[in-house]
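Engineer: The chain contents come next:
Protein chains: 2
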Amino acid sequence: MRIVVLAGGIGGARFLRGLKSAVPDADITVIGNTGDDIHLFGLKVCPDLDTVMYTLGGGINEDQGWGRTDESFTVKEELAAYGVGPTWFGLGDRDFATHIVRTQMLGAGYPLSAVTEALCDRWQPGVRLLPMSDDRVETHVAITEAGTGERRVIHFQEYWVRLRASVDAEAVVPVGAEQAKPAPGVLEAIAAADVIVFPPSNPVVSVGTILAVPGIREAIAAAGAPVVGLSPIVGGAPVRGMADKVLAAVGVESTAAAVALHYGTDLLDGWLVDTSDAAAVAEVEAAGITCRAVPLMMTDLEATAEMARAALELAEASQ
Amino acid sequence: MRIVVLAGGIGGARFLRGLKSAVPDADITVIGNTGDDIHLFGLKVCPDLDTVMYTLGGGINEDQGWGRTDESFTVKEELAAYGVGPTWFGLGDRDFATHIVRTQMLGAGYPLSAVTEALCDRWQPGVRLLPMSDDRVETHVAITEAGTGERRVIHFQEYWVRLRASVDAEAVVPVGAEQAKPAPGVLEAIAAADVIVFPPSNPVVSVGTILAVPGIREAIAAAGAPVVGLSPIVGGAPVRGMADKVLAAVGVESTAAAVALHYGTDLLDGWLVDTSDAAAVAEVEAAGITCRAVPLMMTDLEATAEMARAALELAEASQ
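Taken in sequence, the protein lines are chains X and V.
The first sequence begins at 0 in numbering that gives the first Met the number 0 and counts up one residue at a time.
The second sequence begins at 0 in numbering that gives the first Met the number 0 and counts up one residue at a time.
Hint data in this document are derived by calculation from the structure and do not stem from the laboratory.
Be a bit skeptical, because a hint or two may be false.
[As the list claims (entries may be wrong)] Chain V stretches covered by chain X per the calculated footprint, using a threshold of three residues with CB under 8 angstroms from any CB of chain X:
hint, stretch
1, 96 to 105
2, 189 to 198
[To be verified] If you only want the chain V side, here are some residues facing chain X, beta carbon under 10 angstroms, derived:
hint, residue
3, W65
4, R121
5, T298
Values in this document were obtained by computation on a predicted structure and should not be read as measured data.
Each residue gets a CB set at the ideal place from its N, CA and C atoms; glycine is no exception.
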């Protein structure tokens, strides 16, 4: 079975671990969000790709969900001693090595997709991990500064990590997406898929950014395979992160049903909501999307594998 | 008193510490060798500049004479886990931060001289540290491979660090030197100097490389200030390192007198040899260079300061 998953960071990575456990023999291609990539200290950092790679490769810091386990922060301390920032982004020494290798390869002319493949040679994530695009796309967020009232457009990471989404996101713009091309293999994987899955990743800044690369949304809409998604909103709030802030920026309510309708019937064939959101099933089905309520909390590997099995069963039923 | 010192790595840095101790109020400009600079992992590494900066700024690993004290090697281990080399160059985590800052600034368009000044803002070496040039110069060494008999031209660092000069250096070429320009301030410092000193650095790959930048040798020869040097050869062998190997490549014997004559009377006004080489004094003086025999082992700070005082007295006497 060929499965294509559009993944952001922590939520997507943990779902993928459950999916691999549920169908260990499946041929899984992950299309990773690169809109939260950022250049720090002259190095190219790809947080979502690395979170998927480290999580599936056994190198992730399980407690925080991102970054490396058994990490130290000597380089970061030294950079701060030089007065070089930003200090709000927590790059550890082990993680730095990944960014150094990536930046060196990019500088030598390799596209990000080839670099990602090379990094995965070490991590053996058990999936084919593709960046959504080899072209540079960076999500920016328009905010009004709390103190000054000044309107600013900042990098998504500054909004997410430094400000912790503490102010409203007035607009979310994937800068460069319009000119970006899908990375080699992306459209082919979508066309050849037996199932396409939107895991419980952020619908705006993760899955939404991937869909903003011209050709990807169209390929998914045109694919013969069923497309099923899992709601990242449970009981009217994001399970993790601050998805409600960026959903508001695109005028979408933070409810399981609203996110399904935001993706829309041109993309989604099936949608899973949490059992606590069972009341949303009728609304989603009324829009023409097959919907089921199942437990959607990724509390452990088995619970997550069960979610993956439910998604695949729903795909089968949505054919 | 304005003193200009042409410095390589360990020998030059330790001499400078003695010089600062001997004349704490002197205005010292160091023209640093950048011919042993190397790009590693996409980062610009300047071993000699850093050795001077760390030594005078209190960050040096005293035992090995290069690199940072209290160092760890997490990044290097991770790079090795990615299969990315070279593994023979020992970059520690603290040291990596220096190279990351430097590379980021160079990438942003700052010349190496401005970057070096910015790094020194942190280290406060108490001297003005100038790279010999903002242009890229890399010393390469021609060798014949021990096993295969193959002739190869390799980076100086590979010859020095990986091979530990275990094969003959057949030629030493400062690639790029002919097209290089002295960094801003270099010629001005030489012209304004009261004394110019060649510390006991390597006469070929350290001081020799600096002199290979068009304009620098000529400026020193034309300077009004006396030029004095300290022999890095004591008792027919280098005090440190493998200077004999690269002296042989340029056809110079490893003796205190031969090195003085190699610099020549167009540059040198005075030359210090070690007391064990007192027999060389007559030969050097016969060539027209004032020469004295004094203890030249930098065993501790006071012994080194005494060497510096002897060099300044010799300069006075050579006027």
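Engineer: Compare the structure with each hint and give your call.
Structural biologist: Outcome of the hint check:
1. Look at the stretch 96 to 105 of chain V against chain X: 6 of its residues bring a Cβ nearer than 8 angstroms to a Cβ of that chain, three or more, so the hint holds.
2. With 0 residues having a Cβ less than 8 angstroms from any Cβ of chain X, the stretch 189 to 198 of chain V misses the three-residue criterion, and the hint is violated.
3. The closest approach between the C-beta of V:W65 and any C-beta of chain X is roughly 17 angstroms, which is over the 10 angstroms cut-off, so the hint fails.
4. A least Cβ separation of about 5 angstroms between V:R121 and chain X falls short of the 10 angstroms threshold, and the interface hint therefore holds.
5. Taking 10 angstroms as the C-beta cut-off, the interface hint given for V:T298 is violated, the closest approach to chain X being about 31 angstroms.
Hint compliance for this structure: hints 2, 3 and 5 are broken, all remaining hints hold.
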